[in-house]
Amino acid sequence: MTRAAFADGAARGDGPAGAEHEVAIRLRGLVQGYGGAPVLAGLDLDVGAGRVVALHGPNGAGKTTLLRLLGTRLRPAAGTATVHGFDVVREAHEVRARVASLPVFGGAYGALSGRENLRLAAALRGLAPEVVDVAGLLDRVGLTRAGDHLVRAYSSGMRKRLALARLLLTDAPVWLLDEPYAALDEDGQALVDTLVADARREGRTVLLASHDLPRSRGTADAIVEVAGGRLRVVAHLGEGARS
Amino acid sequence: MNDLRAVLWIARKDLLQEARSKAVTVATVFFSAVTLGVLAFAFGQNPDLMRTGAMGALWVALAFAGVISAAQSWQADLEDGALEALLGWPLPRAAVYVGKLLANWLLMAALGVLLLPIAGGLYGADLGPSAGWLVGIVVAGTLGFALIAVFYAGLTANLRARESLLPVLMFPVVVPILLAAVRASGAIVGSDDLELAAAWLRLLVGFDLVYAVVCTTLFRFVVEA
Amino acid sequence: MTDATAPLRRPRWMTIYWVAVGPMFAIAAYLGLVASPRDVNQGDLIRIMYAHVSVAWIGFVAVGLTALFGALYLWRGKRGDDVRSAASAEMGLLFSALTIVGGMTYSKPTLNTFWTWDAKLTLTAIMVALMVGYFVVRGLIDDPVRRGRVSAVVAIVAAASLPFNYLAAEWFRTLHPAKSVALDGSGVTMDGTMLGVLLFTTVVAGLIYLGFMLERVRLGRIEAELEEARTRGAVRTVAPEGVVRV
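Sequences listed follow chains C, G and Z, in order.
When we follow this note's numbering, the leftmost residue of the first sequence carries the number 591, and every step to the right adds one.
When we follow this note's numbering, the leftmost residue of the second sequence carries the number 126, and every step to the right adds one.
When we follow this note's numbering, the leftmost residue of the third sequence carries the number 596, and every step to the right adds one.
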C-alpha cells in the first residue's frame, strides 16, 4: 500500500475504503485545559486516512487528553478537532460512530463476565446480536476460557485483552489506542502488533499512544512527539523501515 | 427502536449487577429497617402517634434508601472507567439515564411494597380496606423520587464531594414528592379517604410526568463533555 | 444587556440609574412607614408587608429568570446567558433570604413564633436551599462551558419544582387546623391605598433587582473575559512548525 502526500481538503468519507488521500483526523489550534498551563497548547495536525501514527511523550504530556478529546469525551477549550470531517463537539454522534477507543483503563463492568460485557457493548453500539461473533472475538484475544468469569476477577492484562475484543466489535475506521502495550505479556503485546497490522491492511487510521518507542517503531508509519503541549514529528517511517 | 433496545440493555445491566452483588438490596433493606426502628423509638410508644406516623416513617425510610440506591447505581459505572467507555459509543445519552432510572425505580418500588406491611405491623397501623391504593402510591412516589435521584446522582458522579452533595441538591426538589406520598398514603391508612388520596396522587403523577420530560431532555448536558 | 465587547469601564448611566432609584426607595419607605394607613387588625405591623411581599415577589422572579437564562444558555451557548443566569441566582438567593427574614419579623409579634409552616414561607425556604445547591455546583466545576451547562440544568430542575413545592405546601397546610395566618395578606380585603403602596414598593424592589443585575452582569462579563484571556495567554497562537502532517 502506498502512502502519497495527503490532499489538504475537507474530507468527509464514511469508511476506510479508498480513503488514501483523505484526512482522517484534523486538529486546528487545539487547546485543552483550564486554569494555569493548558495540557494541549494549540495543536495543528493532519493524520491521513489509513495511517498508523504513534504518539510518544512523557507522562502528563497530553497523549491521553488528545485521545479522549478525539473520542468525544473531552471538549476543546479552543480550536477544532474533526474526525473524517465531523466536528468532535457539534457532530459528536457522527464521530462516535466512526471511532473505536481502547482506554488506558479497562472500561468494562466488573460484575459482568467478559462475554456479557461484549454483548452489552455490541448492543449499545447498535449491532444486531446475530452479526456479532462474541465467541470468536474472545478466542482472538485469548479469553476463551475466562469468557464466563466475572471481569472483577480479571488481571489487568486480561482486562486489556477484553478491551481489545471490544475494539474489534465494530468496523470503525478510526482507532484510538491509549497505551495498548501496557499491562500485557509478550503474547499480548504481539497480539496488539498483529491487530494494528491487520487494521493497517484494512485501511483503518490508528492513533496509538505509547511510552514504548522501540515497539511503536515496529508498527507505526510515523512517530509524533507530544511534549510541552505541542507536537513534533520524530520520524516518518517508510514501508521498509518496519520489520 | 434501537434507542429502546439500549434503554433495556442498560436497565438489564444494572439489574444483573444488582442481582450478583446485592449491594443495593442489602444496604437499602437494612437501612430502611433501621430507620423504621429508630423512628418508632422516637415516637415514644404513643400508639396514636405511631399509627398516624406510620406512613411518614415509611417514606422517610424509602427516601434515605433511595439516595443510597441511586448513588450506588452510578458507583458501578465509575469503576474502571466503564461509563467513560460507554459514553464514547454512539448511543443517546438519555438512554443511559432512562435505563438506570428503570432499574432504580424497580428496586425502590419493590422495597416500598415490601416495607408497607412491615411499617403497618411495626407501628400498629391497619393498612385498611384500600391497601391496593398504597401500592399505586408507592409506584408513583418512587418513580418521582428515582427520576430526581438518578438524575442528580449522575450529575454529582463526576464532582468532588459527591456523597455529601447528592442529598443537598436533591432533597429540596423532592419535597413535594415526599409530602404528597406521605399524605396520600396517610389518607388511606388513617381514614380510608380515597378522595383525598386521589388528590395527592394526582400531584404525584403530575410531578412524575413533568420530571420525566425535564430530566430526560436535560440529561445529555449532564454527561456530555 | 447587549453582547458588546467587555465594557471594562463602568458606564456613567449606571450611576445615574442608582441616583434615580435612590429617591424612589425613599418615597417607598415614606409611603410604607408613614403615609399608608394603619391596619384595622394588625396596626403598624402591616407595614412589614410592604417590604416583605415586594421582596418575595421579586425573589420568585429572580429564580425564574435564573432558569430562563440557563435554558437560553443551553440553547444558544452564549457565555452572556450564563453570566446573567448566575447573576440572577445571586439576587434570587439574596431576595429569598430577605423574604425569610421579613417573614420571621412579621411572624414573631403576630404569632409569637419565628417560624410558621405557611405555604409561601416554606416555599421560600426551599428556594434558598435550591439556590445554595446551585452555587455549590458552580463552585465545583472549573471548565466554564461545563459549569454553565450543569448549573443551567440545576436551575431548570429547581425552578420546575417550585409549582409542585407550592401546591404541596399549600395543601399540606390546609389539612391542618388554621394555625397560621397567610403571610401575603390573601383572604384579607385590601384597602386601595395599601394595594397602591404595595405595588409601588414592588416596582422599587424590581428596580433594585434590575440595578444589581446590571452591575453583576458587568462584573461577570469581566470575570469571563479574564478567564478566557488566561487560557488564551498560555497558548502560542501560531505553531512555529506549521501544521504537522502525518
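Don't take every hint at face value.
Derived list of chain G stretches under chain Z, where covered just means 3 residues or more per stretch with a C-beta under 8 Å from a C-beta of chain Z [claimed, not checked]:
| id | region |
| --- | --- |
| 1 | 284 to 291 |
| 2 | 303 to 309 |
| 3 | 324 to 338 |
So these bits of chain Z aren't anywhere near chain G, every CB distance computed over 12 Å [what the hints assert, rightly or not]:
| id | residue |
| --- | --- |
| 4 | T700 |
| 5 | V740 |
| 6 | S756 |
| 7 | L802 |
| 8 | L821 |
Pulled a few chain G residues facing chain Z out of the computed Cβ check, cut under 10 Å [what the hints assert, rightly or not]:
| id | residue |
| --- | --- |
| 9 | V151 |
| 10 | F155 |
| 11 | F156 |
| 12 | M175 |
| 13 | M295 |
| 14 | L343 |
| 15 | A350 |
Hints in this document: simulated from the structure, not taken from any laboratory.
Note that the structure is predicted; figures quoted are calculated from it, not measured.
Just so you know, even glycine gets a beta-carbon here, dropped at the ideal spot from N, CA and C.
Against the structure, the hints:
no.: 1; hint: 284 to 291; in the structure: holds (count 4)
no.: 2; hint: 303 to 309; in the structure: holds (count 3)
no.: 3; hint: 324 to 338; in the structure: holds (count 7)
no.: 4; hint: T700; in the structure: holds (23 Å)
no.: 5; hint: V740; in the structure: violated (9 Å)
no.: 6; hint: S756; in the structure: violated (4 Å)
no.: 7; hint: L802; in the structure: holds (29 Å)
no.: 8; hint: L821; in the structure: holds (23 Å)
no.: 9; hint: V151; in the structure: violated (30 Å)
no.: 10; hint: F155; in the structure: violated (28 Å)
no.: 11; hint: F156; in the structure: violated (23 Å)
no.: 12; hint: M175; in the structure: violated (20 Å)
no.: 13; hint: M295; in the structure: holds (9 Å)
no.: 14; hint: L343; in the structure: holds (5 Å)
no.: 15; hint: A350; in the structure: holds (8 Å)
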